[in-house]
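Colleague: Chains H and U, in that order, are what the protein sequence lines are.
Residue numbering for the first sequence follows my numbering, beginning at -12 and increasing consecutively.
Residue numbering for the second sequence follows my numbering, beginning at 66 and increasing consecutively.
To be clear, the hints were calculated from the coordinates, so they are not data collected in a lab.
Keep in mind the model is a prediction, meaning the values are calculated, not measured.
Note that CB positions come from ideal geometry on N, CA and C, so glycine has one too.
One or more of the hints may lead you astray.
[To be verified] Restricting the straight-line Cα-Cα distance to at most 25 Å, the calculated cross-link-like pairs of lysine-lysine (DSS-like) are: (1) U:Lys76 x U:Lys109; (2) U:Lys76 x U:Lys127; (3) H:Lys81 x U:Lys143; (4) H:Lys81 x U:Lys136; (5) U:Lys109 x H:Lys55; (6) U:Lys109 x H:Lys81; (7) H:Lys40 x H:Lys55.
[What the hints assert, rightly or not] Label-pair ranges, simulated between beta-carbon atoms: (8) U:Trp87 x H:Glu(-10): 28 to 34 Å; (9) U:Tyr75 x H:Glu(-10): 29 to 35 Å; (10) U:Trp87 x H:Thr62: 38 to 44 Å; (11) H:Val31 x U:Trp87: 20 to 26 Å; (12) U:Gln124 x H:Glu54: 27 to 33 Å; (13) H:Ser17 x U:Gly105: 23 to 29 Å; (14) H:Glu54 x U:Thr179: 44 to 50 Å; (15) U:Lys80 x H:Gly3: 45 to 51 Å; (16) U:Pro126 x H:Lys40: 36 to 42 Å; (17) H:Pro26 x U:Ala67: 20 to 26 Å; (18) U:Lys143 x H:Glu(-10): 27 to 33 Å; (19) H:Gly15 x U:Gly105: 25 to 31 Å; (20) U:Ala67 x H:Glu54: 36 to 42 Å.
[What the hints assert, rightly or not] Output of the computed footprint for chain U on chain H, the stretches with three or more beta carbons under 8 Å from beta carbons of chain U: (21) 29 to 36; (22) 81 to 90.
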Amino acid sequence: KNEVEQSPQNLTAQEGEFITINCSYSVGISALHWLQQHPGGGIVSLFMLSSGKKKHGRLIATINIQEKHSSLHITASHPRDSAVYICAVRGTDKLIFGTGTRLQVFP
Amino acid sequence: EAGVAQSPRYKIIEKRQSVAFWCNPISGHATLYWYQQILGQGPKLLIQFQNNGVVDDSQLPKDRFSAERLKGVDSTLKIQPAKLEDSAVYLCASSWTSRFYEQYFGPGTRLTVT
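Excised from the complex, chain H in its bound form (with noise of 0.2 Å):
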């Protein structure tokens, strides 16, 4: 069993839909990121957060230590949107990823 699980893995999307990709995790953390991915590679960092939620534009991140699960919600989807969005967990010094989930949405 891997130590960062996210679901779904694929998720497809209309425009204007509200989206929610989840993330479990089984090991102990001081932080976890999230993260977008687009086609060709290149990772940008979304959040990072060690309780509560955090809130940038449309894109909603809230996290429950006790357990041990993270949620990220995107209102109002756009095709622009669609990328790769991967989950990550901070244990002592390094980063452990989930697979990622990739997202859709079509116009």
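Please build the complex by placing chain U on the supplied structure of chain H, with the hints as guidance.
Modeller: The following block gives chain U in isolation, referenced to the frame of chain H:
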């Protein structure tokens, strides 16, 4: 502020050939990471440098992979000889220090071994 630079962006080689990748981290970042990302998987840490010293290379296949960061700034990752299963995106990332700071990723180098 300039981001993490990597070159080349794409490389195609035949198995048993050698290849080298270059990374220039964000200025002032002490920690540099090399990751391997195979298609459909999350990134896997190959090696982590703190300045010019190696912090973690436990998942680096040392019989064929090597990396250096001689002056504590830019870094090179080499594969010699390459195997088919080395086909992947090689990502470089950097951070101020390892523990509490965000990692900033470069655009990656896509390696295809034929």
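Colleague: Straight-line Cα separation of lysine 81 (chain H) and lysine 136 (chain U) no greater than 25 Å?
Modeller: Since the Cα atoms of lysine 81 (chain H) and lysine 136 (chain U) sit roughly 23 Å apart, the hinted pair holds (cutoff 25 Å).
Colleague: Decide if the proposed pair is consistent with the structure: lysine 40 (chain H) and lysine 55 (chain H), CA atoms, cutoff 25 Å inclusive.
Modeller: holds (14 Å)
Colleague: Is 36 to 42 Å right for how far apart the beta carbons of proline 126 (chain U) and lysine 40 (chain H) are?
Modeller: holds (40 Å)
Colleague: If you draw a straight line from the CA of lysine 109 (chain U) to the CA of lysine 81 (chain H), is it 25 Å or shorter?
Modeller: holds (10 Å)
Colleague: For the pair tyrosine 75 (chain U) and glutamate -10 (chain H), does the Cβ-Cβ distance stay inside 29 to 35 Å?
Modeller: holds (31 Å)
Colleague: Quick check: does the Cβ-Cβ distance between glycine 15 (chain H) and glycine 105 (chain U) fall within 25 to 31 Å?
Modeller: Given about 27 Å between the Cβ atoms, the range holds.
Colleague: Confirm or reject the claim that tryptophan 87 (chain U) and threonine 62 (chain H) have a C-beta distance inside 38 to 44 Å.
Modeller: holds (40 Å)
Colleague: Using the beta carbons of tryptophan 87 (chain U) and glutamate -10 (chain H), state whether their distance is inside 28 to 34 Å or not.
Modeller: The hint (28 to 34 Å, Cβ to Cβ) holds, given that tryptophan 87 (chain U) and glutamate -10 (chain H) are roughly 31 Å apart.
Colleague: Should the hint that lysine 80 (chain U) and glycine 3 (chain H) are 45 to 51 Å apart at their CB atoms be regarded as holding?
Modeller: Since lysine 80 (chain U) and glycine 3 (chain H) have Cβ atoms about 47 Å apart, the given range 45 to 51 Å holds.
Colleague: Sort out whether lysine 109 (chain U) lies within 25 Å of lysine 76 (chain U), counting only the CA atoms.
Modeller: Holds: lysine 76 (chain U) and lysine 109 (chain U) sit about 20 Å apart, inside 25 Å.
Colleague: With respect to the beta-carbon atoms only, verify the hint that serine 17 (chain H) and glycine 105 (chain U) lie 23 to 29 Å apart.
Modeller: Given a distance of about 28 Å, which is inside 23 to 29 Å, the answer is holds.
Colleague: Measuring from beta carbon to beta carbon, are glutamine 124 (chain U) and glutamate 54 (chain H) in 27 to 33 Å?
Modeller: holds (29 Å)
Violated hints are absent here; each numbered hint is respected by the structure.
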